[in-house]
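There are 2 protein chains.
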Amino acid sequence: MADDKKLVEAITSMDVDFAQWYTDVVKKAELIDYTSVKGCMVIKPAGYAIWELIQSQLDARFKETGVENVYLPMFIPESLLQKEKDHVEGFAPEVAWVTHGGLEPLQERMCVRPTSETLFCDFYANEIHSYRDLPKVYNQWCSVVRWEKTTRPFLRSREFLWQEGHTAHATAEDAEARTIQMLNVYADFLENVLAIPVIKGQKTDKEKFAGAVATYTIEALMHDGKALQSGTSHNFGDGFAKAFGIQYTSKENKLEYVHQTSWGMTTRLIGAIIMVHGDNSGLVLPPRVAPVQVAIIPIQQKKEGVLDKAYELKERLKGFRVKVDDTDKSPGWKFSEQEMRGIPVRIEIGPRDIEANKAILVRRDNGEKKEINLDNLETEIATLLDTIQVEMLERARAHREEHTYTATDYATFLDILDNKPGFVKAMWCGERACEDKIKEDAQATSRCMPFEQEKIANTCICCGKPAEKMVYWGKAY
Amino acid sequence: MADDKKLVEAITSMDVDFAQWYTDVVKKAELIDYTSVKGCMVIKPAGYAIWELIQSQLDARFKETGVENVYLPMFIPESLLQKEKDHVEGFAPEVAWVTHGGLEPLQERMCVRPTSETLFCDFYANEIHSYRDLPKVYNQWCSVVRWEKTTRPFLRSREFLWQEGHTAHATAEDAEARTIQMLNVYADFLENVLAIPVIKGQKTDKEKFAGAVATYTIEALMHDGKALQSGTSHNFGDGFAKAFGIQYTSKENKLEYVHQTSWGMTTRLIGAIIMVHGDNSGLVLPPRVAPVQVAIIPIQQKKEGVLDKAYELKERLKGFRVKVDDTDKSPGWKFSEQEMRGIPVRIEIGPRDIEANKAILVRRDNGEKKEINLDNLETEIATLLDTIQVEMLERARAHREEHTYTATDYATFLDILDNKPGFVKAMWCGERACEDKIKEDAQATSRCMPFEQEKIANTCICCGKPAEKMVYWGKAY
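Which chain is which? The protein sequence lines are R and H, in order. For the first sequence, the positions run 6 to 482 when my numbering is used. For the second sequence, the positions run 6 to 482 when my numbering is used.
Chain R with its partners taken away, still in its complex shape (with noise of 0.2 Å):
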């Protein structure tokens, strides 16, 4: 048993210092490692598999709102990126750029894809005539490369995987009502898949998405009370399909643009996982997108009958991820790479045990302990997988509502800022100068008007002029 001599290794703790506690806990549950290629990582496979689990279950959500996949090509040409003016100047600061193919230079550069706006309105040009054609609601799942100079794993890389949607209507309202729709899948998934707490609402112009009328997003607070824009829909009304030329002949037969809405969702799902879940021992993972849901630890496993026990409950948990741990390494080992891996339930079972048909059942959330009857195993697992389920949400909102602070004037808002890390609610004359300064006084960000507004106040926090809408103010990553 040569592995008992190094035990798992010590994460920094998260009070000490949550940055490096995150980059432990990413390290030391092996779901990533860094490369040779600068910004970029290797997702391992104890990460890739929850995002396989987030992938099949947002996809099965997708299609149930009609959503097809397509693929488009990874390269965009420099001509095509240029055509919408707000967007190639959002992007084009941080594209990398293709220049030769083989041995030749190419006759005109291309950019890997930051977005594929540009592409799927070229495709939607060739593809779009008539009101018959549409909606088209289509998306894709593939891998996108934006030049961050400064990266971290999950949260912020060169490289990162996700979905973008792409839809072209016929009406305003259409394309309105899709975009707020998949933005309520979004908040819906994070809820109930993620257990992760979500604030809906409208981003501010100076926030909003390069080339797009309106920017929804869903915003949740990370352990440290720093938010994470968790997801977003954009609203692009008719600008794209005018730079690009997508009409359709009405059934009126007149000539109209198309109305359209992107939406998209990222492997920085996993770092919000991360840091709403997480505890000094490692990852905490909500069943629903835990790999492995039940690992089973023989207690005393070279005893006759240990093993075997073991292997049989597995059998009968089928209908469950389960795995059973029968290396040489020792229980206690076990648990804590159980624990780091964030496996929301551990089973453990010994010779007196078995002889009293019982197990130990321990709750990787809160640690609780349970002794059960063996004979109901299944419905034990079965309950106690959904009751983590619930309270893992349950704890986050709790965590987010104990982070989240109101300000009605500028000295308290500032001091919130700087002091107590959360979201604040402050009200917001709309203009962009206001949020500039707040930046520089606070580097906080507006993070959203939220579409349950509250009036708090009737004057802006910053200026004093008449204010409208109530915003979350917060530092991000």
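Take the hints with a grain of salt, since some may be wrong.
Heads up, the list lumps identical chains together, so a pair's fine if it works in one copy or across two of them.
[What the hints assert, rightly or not] Calculated lysine to any residue pairs in the SDA-like style (CA-CA distance at most 25 Å, straight line):
no. : residue 1 : residue 2
1   : Lys88     : Pro110
2   : Lys32     : Tyr253
3   : Lys323    : Leu389
4   : Lys43     : Ala97
5   : Lys470    : Asp446
6   : Lys68     : Gln168
7   : Lys32     : Ser335
8   : Lys154    : Thr104
9   : Lys334    : Leu260
10  : Lys68     : Gly324
11  : Lys328    : Pro356
12  : Lys231    : Glu457
13  : Lys43     : Val149
14  : Lys43     : Glu99
15  : Lys141    : Asp330
16  : Lys334    : Tyr253
In short, the hints are calculated from the structure, not lab data.
Using the hints provided, position chain H relative to the given structure of chain R.
Frame of chain R; chain H shown alone:
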């Protein structure tokens, strides 16, 4: 019913011009579209849905053998690509080079991965230290880029989707066993899911992968008598391990190099499905990869009860992928569309059928019609889909047998290659010179040295020297 005016456009007959027939089917079954990015294509919903079915079923088979999925960067720094000599020579002429990130030139240019051996080796060199770390059996689903001069949808495009498995083992025997295991997974998948029979064998040195010790292949015969290499599995020995320094400490505490494999299949499989099963009415999909398995086409759908009945049948067929065509097109148009898209079974249901509690089932693969009692709908459909799946494989196998020839003298050999499209079995001495000569004389290549050898002569078909190996020869895509 404005659509009635245009009817389904005719496609070129496959006997007149097979290449044009292929292009027509690909376009008119709405599998792909061309783009502004030369040599790259859009995979449209009908095409991508086939890929999703390939991907999910192949991935499940991989996981049964212990494969874990990962994701590595899409970029390879030039210095990394150059570490293995044969490999860089094989791929450097056809890669796309990224030279700028944002507004700055890169210190070192990077290519977009044409395949990821070098990245996996770099990763494994960090990950593997002890015999306990072995084997590593990783796979990734991604897109790759090869800057081809001539492109054809699915068969050869500058960017394509694939999976690439990369494994590392303690011994040469383990690596060889995994190489053959994955070839068998591929062969089984093609036969049982895609209904495409394959020849399993080894590539000659001339045709093997750049950097491999041995390349194994599955070769399929298309309807026009040309071969399509449909999947390959490579044994690298310890060549890459030596180039990249991938070493582990053995149980005996000795430092050893790992032995590696890689194996891949691509969206080219969709091209194979089209060219093996398609006919002059369009695509013919095997039920197991048909995004829609059953099209219910109502007759006189405006009559009361007809559409309701169609939806009722769909509801009863929940275990299958079923679509009701309730558009305002004529039944004839709908039939043509269903045929063009290759949907395996059509259910025709009209007022008289409903009254008699009957329906007509029509098979896409051979046009056979059958009247059924609606009470037996579920079992009739289940049986029919199974029958179609099996008979499509049998038909493809019979076609291949009819187009497989044997030659024992060079004149006959050349005559067959010139005049009888198909495989030709002939003996080979093992010399590259004979392969080169055959390529020049007949534009044919060695497809593989099949595992099932037959001694059809004692001497090489080309040079007359003693020969041990029987080879399948043919013209190929």
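Quiz prompt | Hints not upheld, ascending by number | solution = none
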